[in-house]
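Undergrad: Sequence:
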Amino acid sequence: MLYSDASRIDPYPGSYPPSDTGTSGLAICKVLANRGTIRGYHWARSADGFLALLQAGPVLQGMPWYNAFFHPDSVGFIDADPNWSSSGVPAGEPIGRGRRTVTCSSATRE
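In short: position in the sequence shown from 1, add 62, done, that's my numbering.
Do not rely on the hints blindly, as some may be mistaken.
Okay, the calculated beta carbon distance ranges per label pair [to be verified]:
| id | residue 1 | residue 2 | range |
| --- | --- | --- | --- |
| 1 | GLY150 | GLY76 | 16 to 26 Å |
| 2 | TYR65 | HIS104 | 17 to 27 Å |
| 3 | SER81 | VAL137 | 34 to 44 Å |
| 4 | ASN96 | ASP135 | 36 to 46 Å |
| 5 | GLY102 | SER148 | 33 to 43 Å |
| 6 | PRO75 | PHE139 | 31 to 41 Å |
Please keep in mind that the hints were generated in silico from the structure rather than gathered at the bench. Glycine is no exception: its CB is placed at the ideal position from the N, C-alpha and C atoms.
Whole structure, please, built from the sequences with the hints as guidance.
TA: Below, the structure written as structure tokens:
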């Protein structure tokens, strides 16, 4: 199981199972590379870098996941609550695939 393997090599205490203590995108990439599923991975450090990588293939994006994001608006935007930034951060989460709108910093491209 990918998530379980990643949780065993990440720098965070605990592993899944039995405890779901989370993991990191870096640990996921390392496991996939060790399995031969991917040849490598790259980091994007800007919105333009992210979009360039997106043109080359699939991406895995992680970010702080605020509590307000668990309640998207009627069209699926997670930052609809104007107080989202003060709602607390329970975990960092990978971003779902298959979205048509990519928002990075203050730039939106469709």
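Undergrad: Could you check the hint for me, namely that PRO75 and PHE139 are 31 to 41 Å apart, CB to CB?
TA: Because 34 Å falls inside the window, the suggested range holds.
Undergrad: 16 to 26 Å was suggested as the range; check whether the CB atoms of GLY150 and GLY76 agree with it.
TA: With Cβ atoms ~21 Å apart, the hint holds.
Undergrad: Does the Cβ-Cβ separation between GLY102 and SER148 fall within 33 to 43 Å?
TA: holds, 38 Å
Undergrad: Measuring from beta carbon to beta carbon, are TYR65 and HIS104 in 17 to 27 Å?
TA: holds, 22 Å
Undergrad: Kindly confirm whether 36 to 46 Å is satisfied by the beta carbon distance between ASN96 and ASP135.
TA: Given a distance of about 39 Å, which is inside 36 to 46 Å, the answer is holds.
Undergrad: Could you say whether the range 34 to 44 Å given as a hint is met by the Cβ separation of SER81 and VAL137?
TA: Taking Cβ atoms as reference, SER81 and VAL137 lie about 35 Å apart, which means the hint holds.
In the structure shown, no violation is registered for any of the earlier numbered hints.
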